[in-house]
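Visitor: One letter stands for each residue in the lines below.
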Amino acid sequence: MLKGVLPLVLLRLVADAEDYGYSVVLRLHELGLAELTEGTVYPALTRLETRGLLGSRLVPSSSGPARKYYAITPAGSEELARGAAAWESLATTVHAALSRTAAPSSTDARSDR
Amino acid sequence: MTVRDRIRIERAVLSYDWWLDLRGARRRRELRTELRSNLRDATAHVGSRAAVSGLGGTRRMAAEALPEDPTRPRWTAGLQAGCTALALTLLVALLSGLAWADGAMSAAPDATVRGSLTLLPGSSMEYSPVGDGFAVSTGVGWLPLAAGVLTFLAVARPWRALRAHETSTVPPLRQ
Chain Z
1091 MLKGVLPLVL
1101 LRLVADAEDY
1111 GYSVVLRLHE
1121 LGLAELTEGT
1131 VYPALTRLET
1141 RGLLGSRLVP
1151 SSSGPARKYY
1161 AITPAGSEEL
1171 ARGAAAWESL
1181 ATTVHAALSR
1191 TAAPSSTDAR
1201 SDR
Chain Y
56 MTVRDRIRIE
66 RAVLSYDWWL
76 DLRGARRRRE
86 LRTELRSNLR
96 DATAHVGSRA
106 AVSGLGGTRR
116 MAAEALPEDP
126 TRPRWTAGLQ
136 AGCTALALTL
146 LVALLSGLAW
156 ADGAMSAAPD
166 ATVRGSLTLL
176 PGSSMEYSPV
186 GDGFAVSTGV
196 GWLPLAAGVL
206 TFLAVARPWR
216 ALRAHETSTV
226 PPLRQ
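Chains as they are written, first to last, in the working numbering: chain Z, 1091 to 1203; chain Y, 56 to 230.
To be clear, the hints were calculated from the coordinates, so they are not data collected in a lab. Hints are not guaranteed to be accurate.
Here are some of the chain Y residues that sit facing chain Z, going by a computed Cβ distance under 7 Å [what the hints assert, rightly or not]:
1) Asn-93
2) Ala-97
3) Val-101
4) Leu-110
Covered stretches of chain Z (in silico footprint by chain Y; criterion: 3 or more residues with CB under 8 Å from a CB of chain Y, positions within the stretch not fixed) [stated by the list, open to error]:
5) 1124 to 1136
6) 1148 to 1161
7) 1174 to 1184
This structure is a prediction, so every number in the text was calculated from the model and none was measured. Built from N, CA and C at the ideal position, the CB exists for glycine as well.
Build out the structure end to end from the sequences listed, making use of the hints.
Guide: Here you go:
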């Protein structure tokens, strides 16, 4: 489930600040998404770049080879807006469905007494 | 960063590159450089062992990063497989040649003896008594080279490039 929304989360993070692979992983961990490992995040960034949703540029690093910084493209911004709206709608629907499911069971519990 | 850290990082990068090559990826150098840079940052933060283990399987990473390109030959994999096949057949030639020479030395013939190795068609062996000693000359034949080239071709699949050319020259359908 988390993997399904990962592209959306990555677009959000990169839209907030241009960033490179390992730093994005750290930011995800800070958000509480510690189960997302480097082996999942790096290919996801590459796929988003291949789809034209992210752009990239190399920035020299003092600690070693140049870092590849990702930035969101106009197409990525559109995809982010569309994805965020879809996610909000899905979350609202799922929340309503779960709340409705929970209500009868509490009624049943009262009528059993 | 220690030598051990560098070795761990390079091993992971090479493994990733290997799987990317098998998928016919065109952006291998770029992805290699990016992974190396990320692993160095992670190593500075959590150590090389944790940095590399965070990747999980490099085969899965390569599969998730790029879709397979069926029109791209797998040159690196082909070269490695071809060199391995060449080395193995040369090893067989060496061992067979040593066995043949041992036999010739045991027989200690007075005149030059010529022969070939059954396992290696086209090979030639020659034993000549020279003064108090002897001379042995060998020719391994065509089999090791053929094995290397055929294995290279079978694994690299260079005809994939022709498929790419055919695909690019097919005119678009008119509506």
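Visitor: None of the hints should be skipped; say for each whether it holds.
Guide: Tested hints:
no.	hint	verdict
1	Asn-93	4 Å, holds
2	Ala-97	5 Å, holds
3	Val-101	10 Å, violated
4	Leu-110	4 Å, holds
5	1124 to 1136	holds (count 8)
6	1148 to 1161	holds (count 7)
7	1174 to 1184	violated (count 0)
Checked against the numbered hints listed earlier, the structure breaks hints 3 and 7; every other hint is satisfied.
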